[in-house]
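Starting from the structure of chain F, add chain X where the hints point.
Which chain is which? The protein sequence lines are F and X, in order.
Heads up, the first sequence is in the working numbering, so the first residue is 768 and it goes up one at a time.
Heads up, the second sequence is in the working numbering, so the first residue is -15 and it goes up one at a time.
Calculated from the structure, these hints are not laboratory results.
Even for Gly, the Cβ is constructed at its ideal location relative to N, Cα and C.
Don't take every hint at face value.
[To be verified] According to the in silico footprint, chain X covers these stretches of chain F (three or more CB under 8 Å from chain X):
1) 838 to 849
2) 852 to 864
3) 1001 to 1011
4) 1073 to 1084
[Stated by the list, open to error] In silico lysine-lysine, DSBU-like type, Cα no more than 30 Å apart, as pairs:
5) F/K867 / X/K144
6) X/K33 / X/K117
7) F/K867 / X/K174
8) X/K334 / F/K1019
9) X/K174 / X/K144
10) F/K867 / X/K117
11) F/K867 / X/K313
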Amino acid sequence: MAELTYREAVAWGIAQEMRRDPNLVMLGEDIAAAGGVFKTTVGLLDEFGPERVRDTPISEQAIVGAAMGAAMTGIPVIAEIMFSDFLAVCWDMIANEIAKSRYMTDGQVSFPLVIRTANGGGVRFGAQHSQSVENWAMMIPGLKVVAPSTPIDVIGLMAASIRDPDPVVFFEHKSLMATKAEIPDGEIIDQLGQARIVRDGSDVTIAALALMVPRALEAAAALEADGISAEVIDLRSLVPLDTNTLLESVQKTGRFFTVEENPRLCGWGAELASIVSEESFWALDGPVIRITTPHIPLPAAAALEDMALPSVDRIYETIVKSFDAR
Amino acid sequence: MPTDGRYDYALREPRLPRPVDTTLAGAAIDLDTRLGMYQRLHELRQFEKRAYDLFLQNLVKGTSHLSLGMEAIATGFGAAMRPDDYTFATYRGHAHALARGMDMGQAMAELLGRENGVLGGKGGSMHLTDVSKGMMGSYAIIGAHLCVANGAAWSAQMRKSGQVAVAFFGDGTTNIGAFHEALNLAAIWKLPVVFVCENNLYMEYTPIDVVTAVGNPAAGRASAYGLEPVLVDGNDPDAVFLAARTALARARAGDGPSLIEAVTYRSGGHSRADPGKYRPEREVSAWAGRDPIPMYHQRLLGLGTPEARLSAIERQVADAVDTATEFAKAGREPGEGSLHTEVYADGGSKWRN
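Okay, chain F solo, but in the shape it has when bound (with noise of 0.2 Å):
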């Protein structure tokens, strides 16, 4: 057993895969001698030497490409975009190259690779700093997307992303990066794909993801007192979804709300109203309700990034009007 906070599991996740697999490499902006922005690559450099894990100029598309090309010809490769909002300048690479090569030459390319990149807002950081993009990458055909609440999941969807034989965008959210778990000793292996149930509940189900999973949990403990029992389901991962964890759930409730920390339009929450409204209609006893970020960038001042972020009271709120407006 140790005690590990969410940024020191990111290392020793990515330490437990290069030990089991002597080719697996990774490159990124100050991630070698510096440990990382975050802090989330502390110790690497030093088990692993300097030809496995590569400092690289400030060069999105050479580190995208970079891991692509490794990727295609037999070398697993974790990339790591500083920030996710940092993305969008090498987007081509990963949405038109990495995610359409395999369909595109009809099976004649993999890509292993993991794109780990520090995700989400809360820690005042401003519009360009503090994005949470899932959705972007949730949109793209070939793409996996995965983004832990816990340590524990750090490691066990760190090590299953790193084996997956797909392209993996691995969103690590900033304002978890202190929290801490006891981590049990021995290999952490977890599966893509697979919510989870982190509080039973039968009158409400919540899906939430990352920072949100939190939050929604505290909400689920104010619902508790006034006799709403909410069942919190963490996603984990968006791609692949798994949406039978969300049905089941939704059959026994009746009531769904996703807690959702993108901007409101076409975020991940939307996909899952949809298909819930679709396949399980007939089991509602109200309206879906999505709890998001309003449709802005994300303002740096402390007031006024809280109130727009999803809060514990917004969640809980939200959900008693539901019920108060029947």
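Here is chain X on its own, set in the frame of chain F:
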């Protein structure tokens, strides 16, 4: 609109080709290699002429970018590369695919969108790929594949395989950010990669010098990355072969990347939709006079190859193109089954349970 060369590029001073370097006839290239290159030039030329005919018959849909007139570059490199070296090409990639040995019938079938195409009809003209031949793909958004070629070169470096990655691109690519990111990373990591700029003087419909800060779009940038500027006659297969041999040997020796600018000219427009009327007539006709194929024919005759041997090669290629065309036309339209395959590595497109 003012009618002068600033706005009507056809009225500009023509940029004329340099004369053939006749001393290249004496270069140390064996005759078999040269005859192989002669055959290759004809394969690329006749294949693309046939592809163009098939457009006119509406058998090839969509767009297509021909490298008619530019065949010497793919030919020279194809002859110099090791079978396990990697090629990364652009949407103008038919010649590079064939120069690495892609089956002509499968290539033609792909252009026709048939099930027996090399990509089962899923990629089309702009994405020809045959990994079994080291043809690692044709990339249709310029710049990206230079970064990807770096990755393949990095992989070869780590595996100590001795392979070299070669990225071919047009002059227009030298003005996109990925070009500069790729050159810098290749230089600092000393990657076994060769960047080959096929400078055909036009980025799509605009003269490259109008939109570029230096006279030579690639060679003029080499010094920024600590590389030697290399300019080569892109219409002479021997010149390209020699430059390729040098750059490939440098990469294999661990001495890092090269940036080669091969100056050439496309006989036609940018794509199927473009008649290329923005070019001065005198320029077009002068470059037509520097077509690599008649020049090489003359050179081989001068080196003592009998005319009968060359015409036998031409006939053999013509037969092969006919066979490829029949193979392609006989292919079926792809069925619905393949629509959903190969999005993910399990062979399918399933994104949910």
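Right, here's what the structure says about each hint:
no.	hint	result
1	838 to 849	holds (count 6)
2	852 to 864	holds (count 4)
3	1001 to 1011	holds (count 6)
4	1073 to 1084	violated (count 0)
5	F/K867 / X/K144	holds, 29 Å
6	X/K33 / X/K117	holds, 23 Å
7	F/K867 / X/K174	holds, 29 Å
8	X/K334 / F/K1019	holds, 26 Å
9	X/K174 / X/K144	holds, 13 Å
10	F/K867 / X/K117	holds, 20 Å
11	F/K867 / X/K313	holds, 27 Å
Checked against the numbered hints above, the structure breaks only hint 4 and satisfies the rest.
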